[in-house]
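**Student:** Given chain W's structure and the hints, the job is docking chains P and D onto it.
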Amino acid sequence: MTRPAVLTGKHFMHGDHACAEGALAAGCRFFAGYPITPSTEIAEHLAARLPEVDGVFIQMEDELASMATILGASAAGARSMTATSGPGLSLMMENLGLGVMLELPTLVVDVMRGSPSTGLPTLPGQSDVMQARWGSHGDFAVIAYSPWSPQEMFDLTILSFNMADLYCVPAILLADEVVGHMVEKVTIPPEDKIDHIERKKPSKPADGSTYKSYLVEDPDLVPALPFAGEGYHIHLTGLTHDERGYPDMSAETHDHLVRRLFEKIQKNANDIIRVEGYELEGARIMVVSYGCTARSAHSAVLQARAKGIPAGLLRLVSIWPFPECIIRDLSKSIDHFIVAEMNLGQVRLEVERVVHRDVIGVHHAGGAMIPPEPILAAIEAVAK
Amino acid sequence: MSQAIVAEKHPLDDLIRADRMPHIWCPGCGIGIIMRCYAQAILDSDMPIDKHIVVSGIGCSGRVAGYMKLDSYHTTHGRAIPFATGLKLANPSLTVSVFSGDGDLAAIGGNHLIHAARRNIDLTVVCINNFNFGMTGGQVGPTTPQGAFGTTAPYGCQELPFNLPGLLKACGANFVSRWTAVHVRQVRDDIQYAFSKPGFAFIEVLAPCPIGFGKSNGIDDGLEEMEMYRDRSVHIQEAKASEEEMVIDLRADHPIYVGRFVDRDRPPFKPAEALKS
Amino acid sequence: MKVYDRTPLNLDRMVIPHGRVYLIPERCKGCNICIRFCPMQVLQESKGQNAKGYHYPEIVEGKEDACVHCQFCMIVCPEFAIYTDAGEGSTP
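Residue numbers (this note's numbering), protein chains in the order written: chain W, 2 to 385; chain P, 11 to 287; chain D, 245 to 336.
Same shape as in the complex, but just chain W:
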């Protein structure tokens, strides 16, 4: 028997599977990927589920092909996605940039593992954060969310699809092996409660004239691109291009295009950014964390509060674009910032850039979740 796309109800669900169900609920009907621990379960789940909703599942020959295939599907109008981990994400970098340049929305799920290189395939890490932001060549901005639970694997997949379609850009879901492989309660709402943002489409039908794909007059800086086969005869190219999409090698056109692509995300950052605050009331010490590490940070903050220490947790649900304004505002009332993350200090660099002072790091290169104890110790050390 075939199950519907939205499995409304309460579930006890595997994180990777929750991500797959989130994609189906978001209307994703196309997956192309390549097996890689710890994200393979997303592919396996969708291999069974996509045919049930008349979707397309294809396992490609490598991650290069996977990224190119989901962009092709996006050009045809489908909501498409792939799922990988660090090594695969590295192979997807060039075509991630192509998605940015062609302004084709799609979703790349990166279930992070111990890195670099082959690292710890079956164990967690959070060290792809900067790669997600700067991994592909050139100046451009990305959207990246980081779930800390199977429920958020479901919710943030839907959010990622909506933001990707809203701003015509690839989105990245930066999960980690813990969140991907744990099993927890996942509540799936009724279908009509799942918001669905459609891509902006051309306002007038094709009329045989050269359609100006990249003539952007709306303040949100987002173009209205038709799908393949709709008669507009558009041209999309990875080369720097003018309003018609024709290659244009002038420095002026290049600067204008690259700035628009960048501003398209930065200008709308407030609409994209998501953070969650815990015990912020009267906090003097702020722990900043994300993903699975934030679970330990939350426990540490609660224990500190129990000891009368004014500690709070700012959990970054969106890592890119970086929530600068929020952190800058907080820093007015915060004496000490602590960043807890499973890498050697990537988000810490961003926080230091924003608050212009030293930030304490609770770091670990990966392979095991950071427990609450070292975070609590760091809080207590500065609380004296």
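Hints were generated in silico from the structure; no laboratory data involved. Wrong hints could be hidden among the right ones.
To be verified - No farther apart than 25 Å at their CA atoms in a straight line, the calculated lysine to any residue pairs in the SDA-like style are these: (1) P:Lys179 <-> P:Lys225; (2) W:Lys11 <-> W:Val54; (3) W:Lys333 <-> W:Gly283; (4) P:Lys19 <-> D:Arg250; (5) W:Lys186 <-> W:Ala49; (6) P:Lys19 <-> D:Ile319; (7) P:Lys280 <-> W:Ile198; (8) P:Lys225 <-> D:Asp309; (9) P:Lys61 <-> W:Gly232; (10) W:Lys205 <-> P:Ile15; (11) W:Lys268 <-> W:Ile327; (12) P:Lys19 <-> D:Lys296; (13) P:Lys79 <-> W:Gly209; (14) D:Lys307 <-> P:Ile15; (15) P:Lys280 <-> W:Lys202; (16) W:Lys333 <-> W:Pro322; (17) P:Lys179 <-> P:Ala251; (18) W:Lys186 <-> W:Ile327; (19) P:Lys225 <-> D:Arg280; (20) P:Lys225 <-> D:Met284; (21) P:Lys19 <-> W:Pro248; (22) P:Lys250 <-> P:His264; (23) W:Lys385 <-> W:Val360; (24) W:Lys194 <-> W:Val54; (25) D:Lys307 <-> D:Met284; (26) W:Lys202 <-> P:Asn101; (27) W:Lys201 <-> W:Gly283.
**Tutor:** Positioned in the frame of chain W, the structure of chains P and D alone reads:
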């Protein structure tokens, strides 16, 4: 002598981006010839032009997508076939063609070429084989004939080239043919035939490249290479040669074997469907 | 003109078109492929040059009526620069 009648519009101008003519390809380059065959095949195919999609990779041949007045996608080096795969599978009503060069399809894109053929994805792939990386100035590529010269093979290419028809036949493509830029009617016919034939169709067309390949190998201009093709091509039906010998070898006595190598009906790739209870 | 060993039955009904050559000079890059491959040798390189300095083709003296609209020049031109159509008055 008297002048030809000066015209403003070419009969195929509605299918190409006439506002971007003249195109960037060098005098005597064969890519324009093959693009014209493609445009003619589209005009003569009964499929609506809106449903014809062209995808190109990087390189001289990669610029074909930019000159066709179709929904056209100029992707990254080697990744035209997977991009086209995504397009086709997401909207099977589209007729998706891939236009790229020997380097783009068989060097960096080789893995995607052989897998798409193995899966028999319903695509028409036109590989313009000019034996070198022309855009970057004439380096040797995976199809450069042994002994031929290139800017990265100043002592002659040491490697054996791909025999693309043999490779694609082994991978499982439904249709494989090889022609040269002189066989313009056969190229048009095969492209049109490929449109309506389900499964993976691969058409290799040898094209003159006077600047990239010609200059290093004593072929003065495109015309000379066209004449070489005309004089040395042998149809595979008349050839008394095994498949291995059908590799391209431009040294003196070796003929260029052209024709339709494969025309079979393996089922094209179709995504899995749920067992409707 | 007699070119057959045996006369085809429908020879009298065969009409050889009288072609006219059209050119878009600015697109020509002087590759001479149309000139060499024209079966009736109608074309030659002209003294005239386009803006980029390429010598576009012209019709050979006395060959004004030689074109048979076989279209091979159009088919083999890489630049979409030349084509023919069948003018009136075609010789049987």
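**Student:** Hints first: check each against the structure and report whether it holds.
**Tutor:** Status of the hints after comparison with the structure:
For the proposed pair P:Lys179 and P:Lys225, the alpha carbon gap of about 32 Å is over 25 Å, so the pair is violated. Straight-line distance between C-alpha atoms of W:Lys11 and W:Val54 comes to about 21 Å, which keeps the hinted pair within the 25 Å bound. For the proposed pair W:Lys333 and W:Gly283, the alpha carbon gap of about 12 Å is at most 25 Å, so the pair holds. This hinted pair does not check out: P:Lys19 and D:Arg250 have alpha carbons roughly 42 Å apart, beyond 25 Å.
Distance restraint check for W:Lys186 and W:Ala49: the Cα-Cα separation of roughly 22 Å lies within the 25 Å cut-off, and the hinted pair is therefore satisfied. In summary, the hint linking P:Lys19 to D:Ile319 is supported, as the alpha carbons are separated by about 15 Å, within the 25 Å threshold. Between P:Lys280 and W:Ile198 the alpha-carbon distance is near 29 Å, which puts this suggested pair outside the 25 Å criterion. As the CA atoms of P:Lys225 and D:Asp309 are separated by approximately 38 Å, the hinted pair breaks the 25 Å bound.
For the given pair, P:Lys61 sits about 8 Å from W:Gly232 by alpha-carbon distance, which is consistent with the 25 Å threshold. At most 25 Å may separate the alpha-carbon atoms for a hinted pair to count; W:Lys205 and P:Ile15 exceed this at roughly 39 Å. Taking the CA atoms of W:Lys268 and W:Ile327, the gap is about 15 Å. The hint holds against a cut of 25 Å. Restraint check: the Cα-Cα separation between P:Lys19 and D:Lys296 comes to about 19 Å, which is no more than 25 Å; the hinted pair holds.
Between P:Lys79 and W:Gly209 the CA atoms are separated by roughly 10 Å; this keeps the pair inside 25 Å, and the hint holds. Note on D:Lys307 and P:Ile15: the hinted pairing holds, with a Cα-Cα distance of about 14 Å set against a maximum of 25 Å. Between P:Lys280 and W:Lys202 the alpha-carbon distance is near 29 Å, which puts this suggested pair outside the 25 Å criterion. A C-alpha spacing of about 21 Å is found between W:Lys333 and W:Pro322, which places the hinted pair at or below 25 Å, so the restraint holds.
Of the pairs offered as hints, the one joining P:Lys179 and P:Ala251 holds, with about 17 Å between alpha carbons and a cut-off of 25 Å not exceeded. For the given pair, W:Lys186 sits about 30 Å from W:Ile327 by alpha-carbon distance, which is inconsistent with the 25 Å threshold. A C-alpha spacing of about 21 Å is found between P:Lys225 and D:Arg280, which places the hinted pair at or below 25 Å, so the restraint holds. A distance of roughly 30 Å separates the Cα atoms of P:Lys225 and D:Met284; the hinted pair therefore is violated under the 25 Å criterion.
For the given pair, P:Lys19 sits about 23 Å from W:Pro248 by alpha-carbon distance, which is consistent with the 25 Å threshold. The straight-line distance between the Cα atoms of P:Lys250 and P:His264 is roughly 12 Å, inside the 25 Å bound, and the hint therefore holds. Taking the CA atoms of W:Lys385 and W:Val360, the gap is near 16 Å; set against the 25 Å cutoff, the hint holds. For the proposed pair W:Lys194 and W:Val54, the alpha carbon gap of about 19 Å is at most 25 Å, so the pair holds.
The suggested pairing of D:Lys307 with D:Met284 holds, with an alpha-carbon distance near 9 Å, which does not exceed 25 Å. At most 25 Å may separate the alpha-carbon atoms for a hinted pair to count; W:Lys202 and P:Asn101 meet this at roughly 17 Å. Between W:Lys201 and W:Gly283 the CA atoms are separated by roughly 43 Å; this puts the pair beyond 25 Å, and the hint is violated.
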